[in-house]
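> Sequence:
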Amino acid sequence: MKKRIYLPVILAAAMLTGTGCKKYVDKGQIDKFDDNNFWKSEDNVRIYSWNFYSVFSGYGNNATFGDFYFTSLSDDQVGASLKNFTLTVPSDIGGTKWNFEMVRRANLLLERIDRVPTSDETKNHWKGFARFFRAYCYYILVREYGDVPWMDKVPDVTDENYLYKGRDSRTVVMDNVLADLDFAIANLRTKDQENTVNKYVALALKSRIGLFEGTWRKYHNIQGGAKFLLAAKDAGDQLMKGPFTLNPQYKTIYNSMDLAGNKEAILYKKYVVGYLGHSLINYLSTSTQMDGISKDAVESFVCTDGLPIAQSPQYAGDEDLKHTLTNRDGRLIQSVDTVLAYKGKANKGLTTSTGYRPAKFLNPQVASTDGSKGDTDAPLFWLAEVLLNYAEAAAELNDLGQYAFSQGDLDKTVNLLRARAGVAKLEYLGGKSAGVSGKEIIDAKNKTGVSSLIWEIRRERRSELMLDGFRKYDLFRWKLGTAMNTATNPDIIRGAKIPEFPAGTTEKSGKGRQWLYHR
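Residue 313 in full-length UniProt numbering sits at position 313 of the sequence shown, and the numbers go up by one each step.
These aren't lab readings, by the way, just hints derived from the structure by calculation. Note that beta-carbon positions come from the ideal geometry of N, C-alpha and C, so glycine has one too. Careful, some of the hints might be misleading.
Said to hold, decoys possible - The calculated lysine-lysine pairs, modelled on PhoX-like cross-linking and capped at a C-alpha distance of 25 angstroms, are:
# : residue 1 : residue 2
1 : Lys412    : Lys241
2 : Lys447    : Lys432
3 : Lys263    : Lys412
4 : Lys432    : Lys412
5 : Lys191    : Lys123
6 : Lys425    : Lys412
7 : Lys40     : Lys241
8 : Lys412    : Lys251
9 : Lys40     : Lys127
What the hints assert, rightly or not - Just the calculated beta-carbon pair ranges, DEER-fashion:
#  : residue 1 : residue 2 : range
10 : Asp152    : Asn347    : 51 to 61 angstroms
11 : Gly422    : Gly274    : 17 to 27 angstroms
12 : His220    : Pro149    : 14 to 24 angstroms
Start from the sequences and build out the full structure, keeping to the hints where you can.
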């Protein structure tokens with residue numbers, strides 16, 4: 001049973017109901033505060049800060065879906081029902097609404113913090129906190145909507161010109177986001193309370209945003225990409241010198257009951273039974289047909305010799321699941337169940353659209369959970385992603401002639417992840433090439449025009465972050481939305497080879513086992 005609770009959302013909920021967590025509610029009832037008497041202490045500022053954490057969905061809130069697994073519009077998963085691009089832009093994405101609720105809260109904190117009778121260090125920390133969340137919210141907004149209005153002050157309700165201002169270009173907005181992150185990194189405490197936003201979390205966000213915007217600008221022909229790629233590389237370099245290390249086991253970051261003290265986690269979302277739960281494990285453990293992992297995704301994992309399946313003599317084929325998993329990247333072995341489950345041949349009542357059941361989030365001590373009461377913690381920022389961000393940013397800068405890539409860049413990033421997965425090292429062969437044991441990797445599936453170095457680093461990202469919610473946006477920033485075209489890439493809706501042929505679910509193309517084919 002968990003004994004420690006460090007969950008801003010929980011504390012905020014307790015204060016709103018007037019029960020529990022007395023340490024935080026002895027300041028008086030919230031409905032007795034107003035803007036004139038609230039900004040009196042850092043404790044009050046901290047109370048105000050808890051609501052910001054709701055922008056992180058993690059594994060979801062109770063019955064609502066989160067960032068992991070449920071973001072199946074990509075070439076990694078096949079939905080139980082086929083998914084198409086949204087024709088109407090949703091008004092609420094990832095906790096950030098078009099009404100700029102959290103942006104306003106951040107601006108209000110920035111305008112009020114100087115009223116608090118406290119030290120300059122404290123004020124600057126909370127200014128950094130506000131600008132961190134403003135940056136995060138704008139990253140989500142730009143990622144979803146493109147050009148959006150940049151709002152850096154709390155609007156006067158009478159100022160209609162500001163309230164209804166038009167959109168600013170993404171270059172203006174994202175340049176401001178980068179400035180916010182730099183301020184946050186310079187002013188946030190290295191350590192505040194446990195599992196709260198600090199300097200390291202801001203560096204992790206800068207790593208993520210820098211890579212996203214830098215590659216978006218490069219592949220969509222917008223100026224200024226190198227600046228963001230350098231920002232991502234610099235942030236990653238600083239974090240790699242920090243107190244974080246990889247877990248010995250790949251799945252630990254995803255299926256732990258408690259991520260407190262986990263050296264790979266930079267910030268995580270804590271779930272505690274009776275306060276906040278999620279439905280992810282329950283969804284992966286019930287009779288509802290799951291979104292399976294695609295044939296295309298499974299075949300993207302290399303063999304243990306570090307080579308893709310088309311080049312590796314170790315590849316045992318895909319005649320059945322045992323052959324598919326033989327001599328393969330340990331991340332694949334830990335990401336899928338050991339038994340196929342599909343319509344017509346359920347495994348203990350479980351079925352998936354492709355036969356491959358996602359398993360990386362499952363905890364062997366929690367075979368199933370009651371509805372939305374799952375309490376495995378969700379990573380929000382963690383070291384593995386930062387390593388991948390650094391490696392890709394460095395390779396892209398090398399491609400632009402802005403950085404001299406070296407074997408050391410691979411050894412301190414990608415090869416640490418490969419070692420954990422039981423995969424041979426990736427080698428830098430000079431120029432823009434990558435290989436294994438002196439042999440360049442030539443992957444026939446690389447039809448994107450990028451170098452083998454960038455392609456293999458992208459493969460590492462896909463393997464390491466499978467089902468983590470990044471893939472769709474990775475394809476978009478690389479300008480590869482066509483990868484989700486099922487007409488030209490049918491393997492993204494194919495699954496495992498099976499001997500049976502449930503009506504309407506298989507592709508019959510000859511004798512022997514056939515691929516599950518979701519039509």
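> Check the structure against each numbered hint from earlier and tell me which ones fail, lowest number first.
Of the numbered hints, 7 and 11 do not hold.
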